[in-house]
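Which chain is which? The protein sequence lines are U and H, in order.
Note that the working numbering gives residue 337 to position 337 of the first sequence, counting from 1, and the numbers run on in steps of one.
Note that the working numbering gives residue 1156 to position 156 of the second sequence, counting from 1, and the numbers run on in steps of one.
It is worth saying that the hints were derived from the structure and are not from the lab.
Computed from a predicted model, the values in this text were never measured in an experiment.
Beta carbons: idealized from backbone N, C-alpha and C, even for Gly.
Some hints here could point you the wrong way.
[Stated by the list, open to error] Pairs of lysine-lysine, DSS-like flavour, derived with a Cα cap of 27 Å:
#1 H/K1016 to U/K447
#2 U/K147 to U/K158
#3 H/K1137 to U/K221
#4 U/K307 to U/K33
#5 U/K490 to U/K418
#6 U/K355 to U/K528
#7 U/K266 to U/K296
#8 U/K418 to H/K1048
#9 H/K1016 to U/K490
#10 U/K531 to U/K317
#11 H/K1077 to U/K447
#12 H/K1104 to U/K221
#13 U/K430 to H/K1077
#14 H/K1176 to U/K372
#15 U/K490 to U/K430
[Unchecked claim] If you want a taste of the chain U side facing chain H, the calculated C-beta under 7 Å gives, among others:
#16 P101
#17 T342
#18 R380
Given next are the chains, with one letter for each unit.
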Amino acid sequence: MSDKPLVLLFEEANGLSKMDLGGKGYGLVEMAKLGLPVPPGLIIPTYVCRRYHFEGSLPGELLTMLLQKLDVVGRKLGRKFASSEKPLLVSVRSGAPVSMPGMMDTILNLGINNDIVDALARESGNELFAYSIYLRFIKGFSEIVLKIPDRELDKILKDLLSEFKATSLAELSSKDLRNLLRGFLSAVEEKVGKPFPMDPVEQLKMAVEAVFRSWNNPRAKTYRRIYKIPDDLCTAVVVQAMVFGNLGPKSGTGVCFTRNPSTGEKTLYGEYLMNAQGEDIVAGERTPKPIEELRKELPEIYDQLTKVAEVLERHFKDMQDIEFTIQDGKLYILQTRSGKRTIRAAVKIAVDMVKEGLITEEEALERVELDKLTHLLKPRVDPKAQAKPITKGLNASPGAATGKVVFTINDAVKYARKGESVILVRPETKPEDVKGIAAAAGVLTSKGGMTSHAAVVARGLGKPAVTGAEEIQIDLDHELFRVKDVVVKKLDVITIDGTTGNVYLGRVPLARPELVPELEELLEWAKKYGKKVPGLLT
Amino acid sequence: MDHSVFLVLNYLDIFKSVEADSLKVLGLSGTELQAILEDLSERGLVKKSGELIEISELGEHEAERCRRELLENSHRKDEFLKYCVAFEEMNKRFKDLVTRWQLKEVEGELVPNDHLDPEYDMAILEGLSEVHEETVKLLGKMSEIFPFFKGYIQRFENALSRLMNGDLGYMADSDKQSYHTVWFELHETLLKMSGMKRVE
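So here's chain H without its partners, still in its complex pose (with noise of 0.2 Å):
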């Protein structure tokens, strides 16, 4: 399958039903976003409902075939699954980023951070780009197998400009293409790829 009609593909099953509009996340261009959606409606995997964009049940097995295929297709699966490992690890780096930036201890309680301590902050933006940093190699290392990952390098460096210019909702809101959003996904895209559990 075309990388391009995958990733369409895979984003539905990520999120079920979408707005058509966020699918311009993905970075594909209108045109050819429309008829990978035709394409993919014809063949009922997807079928739109009033704004949204569903993913049927017929929709999701062939997800799930895709990225069967893709990995046992590839002779570097062992790598690959080798960075699933590793991202692993990174998963609890960011988590805990993402926990301290929400939540702080005052006074032996936790709270939600107001965000009047820039200090408090600016140490856990820190910690972000040292895990941002990490993340994209790991992410060029996995594109160069898969080359649809290269997506998320993009998508991941516009959520981190829009945090160092001071939007800080570039953190963890859902509503946005936060640096939590992005994540999340990418995570999930991993555990349907590696067939690993996720780890709480």
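So here's chain U without its partners, still in its complex pose (with noise of 0.2 Å):
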């Protein structure tokens, strides 16, 4: 372990895996040799982080690498850590080797302090840039290294600028923005009883440390016990030169898919603010705009943006989900990774990049989640039979079934014992009544909500279920009910559709959803690599 690297530039990691550079710096490292435009940085792989969890401190000799490496990160932009003459800000980002989606800790912003800040207003001419930047990086070293919950630091900040007779920082007089930030910092320095860290070089050591502890955090923990992810994977560091998306009003920053993630369509999808940092896309104080209008708004960022997507489409053979940050007027990205898509996405990618030449049918077949299919395979009624309703309830579980009706859970059980689909219909559901749904094709209610205990049960059993269909008037003495003028006695057919809420008199034609036309061919490739696809009775 000892003679492995402490410290990697994205340059020196090439050919290391995904287990030791994590799936952040994996990405990183791939989009540097491709050329991309990759904001330089450097990688503290996984099995450092493992030695750090086992000996409880960090590698004497880690800072000294990673102050080694960093002066070459700087070297590359004309820029230097933890000097007041063009400093060079970094932020620092968990990457575990499986994704762990918002559950281990990122600082941006970081190298700042009294002094560099007013080095960057010099140099940005653009004091209110300077002050917001080192705002939001004392506010997230607070929250995350020193412990201070947010919502005591949205306070603290709140009741400051109200102090100030101001609701956001552009509001404020250069001077006045000195002061608050000055309030802010001491008012951090009461609730942690000591002085905040204007080191950068502490900076640094303090940020990578708790990205490593963030690891075991509760949540990270929970997340892996749930999803089967061994403790020891650990986390790599990203150490990465920052660029700004708040630089002005040609900067912003984004988030986008390669292709659609819920329905698989091929086109960008994802949003953008300008004049913002990520973390403000993630925090909701403003609304971003679709990626389409960055095609008007910045048409060469745009299709910047749609050749890098194909790029990286060829690259890793799958759909991508990119941030990137443009900095006056420049296109940067910062992360890439396999982007989580519905499983309606999963069939329509796979099947497209097959077409594409990109992956092959039996790759495809491995991409999609057979067992999840049938969600997708559900019958609906067929809309081309133009049926007529007789009355509608909520689409409490989706799916289509036509049965006899009845309205005990004993008869449920004895005709669905004999083979004959019934549709059971009760006023609301009980717990006795759950063996009664078990044995029916569907439920049809005329109480209760999409929450209500039918729903619930429904859609845990996969069965249809239309509930809450108020017009429906149940006599269980007779065992019959009304709608309106027309009289359903028990063993007569009724259709009902989970999917909207639809209730037919008789046998009305199902039909498959035509949501996935690639779904038809998955299925062919499933047959002819002799692949079970759970749920598939046709």
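With the hints in hand, could you dock these two chains into one complex?
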């Protein structure tokens, strides 16, 4: 272990695996190799984190190595870390080998202090920018490293702003900006009972340690337990030169998928905010714009982003989820990873990628969780049949079913045993009714909403359900129900569509939804390669 | 009536007919359970039908009478009823979580949650952890008045632990002692005890 490097520049990490570099680091190394616009940076591999947790402290030589490599990073940009001339600010990010979204920590804008903020203001000629960067850093560092709860920090800031009779930094004069910053710093220092670290090297050391520690925070541990991720994988740390999306009107930040993650359609899908930093998109204080608008606002950047998406997809042979920043009209890519997607999108993307020659049919089958396909295979009432519903309730559990009406649990079980398809009709359901719901092909209730017992149980069993169909009047004594002037008796046939909430008299043609034409193709391949698709009846 | 006997009778009143094995969730020892069932059967309150144990009409009346007696004889009745109202608030939150767990809005349409988005699921599980913490507190207070409520705490803990160890069916599957299965049973018990109506 000891002869493995503790710190690697992106360009030195070529050939190392995702296990060592973490997903984020691996993506950055690959992108740098492809010549994509990635801000320079370095990686502390996962084995260093393992060593940290084993020994209980950072390896003695880590900080020296880190500063040496950071010098190289700075030189590429004509900047220097911890210097008040052309200062280099960095982000310190976590990145495990397996995606654990939002579970671990990230610190942005690190390497700033009372002197450096002024250097930044002079250099950019934008005092508001420099001070808001500083404020963001103090806030982020205080929350993540010093462990002051976010809501307390928000309150301190809000109180200070109101002291200055302002609601945002932009309203403050240069003098007030400084005073507010000073006030914020001293409030933080009072909370933690010691001075805020002004030395960028100390900040860096504390941040790296905090990211390592965050591997074992309760949320991350819970996440690993649920998703069966081994505890000893550990996280890498990416330290990367900051690029600023809040430098002015020609700067911005955004996230985008290379294809639509809901439908799989091949088009950039995402959102962005001009004059903002990444966390603003998540914070939700300003509403991001759909990525389509970037095409009009900054057509060259949009074209470039489209090209980047193509290069990344060709390289990784999968749909990617990208984070980007535009600094003064120049595009930077900060992260790429395989994008999460719905099962519907997974099918379309896999089949499309075979047609585009990116993957083979067998790889396509591996890309799709075949046991989840039942969601897409659920029948619906065939719209071509143009059947008229007798009433409509809530679409509580998707899918459609035709069957004979029964009103009791015993009948549901009895007729189902005989192989008959039955629809259980009840005013509402109770725990004792579960057996009946399990035996029936579908459930119809006159009371109860989307969250009712019948709805929850039916969904859990994958059975169609229409609940809260208030127009139907159930007469349990005579085993019939009425809707307006229609009377439906026990063993009459009805059809329910839990996707629309519609109820029909008699048998109505059902069809598999034409949501994903590619599904048919994928099912053909499954047959061809002998893969079983659970829940596929036809 | 002895609390353990009441526990069994009330459970049977909620589920009507169950396999003898399923009564194990009540946390009684095998011998104790057998003795209780024999006693209830002798009194005509339950009957065995093949593998199933069913409550009789007499049993239903007896369960109802016991619940009323428990409540009326307690000098902390009003306090208990307040807890039942508090539970209704929790119930709204819990049902919302379960619904989001099962159904997801994609492109404006509600579709079954395919559980392919851990971030989405995780947010719900964190919501459940909060509801759980408050529910346990509430059950703690209820069990100071009626000790048999303590059993629900253990059953919720079990479901949550299974869930948090990756067994996602322990949120809402009806064939498991899932969080929803236990929740619905508890809710039904509280409604029966308090005489409140189900709000949908």
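Evaluated hints:
Our distance criterion of 27 Å between C-alpha atoms is met by H/K1016 and U/K447, whose separation comes to about 22 Å. With a C-alpha separation of about 19 Å, the suggested pairing of U/K147 with U/K158 holds against the 27 Å cut-off. As the CA atoms of H/K1137 and U/K221 are separated by approximately 24 Å, the hinted pair is consistent with the 27 Å bound. For a cut-off of 27 Å, the pair hint linking U/K307 to U/K33 stands: about 16 Å separates their Cα positions.
Taking the CA atoms of U/K490 and U/K418, the gap is about 16 Å. The hint holds against a cut of 27 Å. In summary, the hint linking U/K355 to U/K528 is supported, as the alpha carbons are separated by about 17 Å, within the 27 Å threshold. Between U/K266 and U/K296 the CA atoms are separated by roughly 19 Å; this keeps the pair inside 27 Å, and the hint holds. A hinted pair counts as satisfied when its Cα atoms are at most 27 Å apart, and U/K418 with H/K1048 qualifies at roughly 24 Å.
Taken as a hint, the H/K1016 and U/K490 pair is honoured in the structure, with Cα atoms around 23 Å apart against an allowance of 27 Å. A C-alpha spacing of about 22 Å is found between U/K531 and U/K317, which places the hinted pair at or below 27 Å, so the restraint holds. The straight-line distance between the Cα atoms of H/K1077 and U/K447 is roughly 30 Å, outside the 27 Å bound, and the hint therefore fails. Taking the CA atoms of H/K1104 and U/K221, the gap is near 25 Å; set against the 27 Å cutoff, the hint holds.
Distance restraint check for U/K430 and H/K1077: the Cα-Cα separation of roughly 26 Å lies within the 27 Å cut-off, and the hinted pair is therefore satisfied. For the hint pairing H/K1176 with U/K372, the CA-to-CA distance comes to about 20 Å; that is within 27 Å, so the pair holds. For the proposed pair U/K490 and U/K430, the alpha carbon gap of about 20 Å is at most 27 Å, so the pair holds. Interface restraint check for U/P101: the shortest CB-CB distance to chain H comes to about 5 Å, inside 7 Å, so the restraint holds.
Annotation: interface hint on U/T342 holds; nearest CB of chain H at approximately 6 Å, less than 7 Å. Here the hint on U/R380 is broken, as its CB sits about 11 Å from the closest CB of chain H, past 7 Å.
Hints 11 and 18, counting from the list given before, are not met by this structure.
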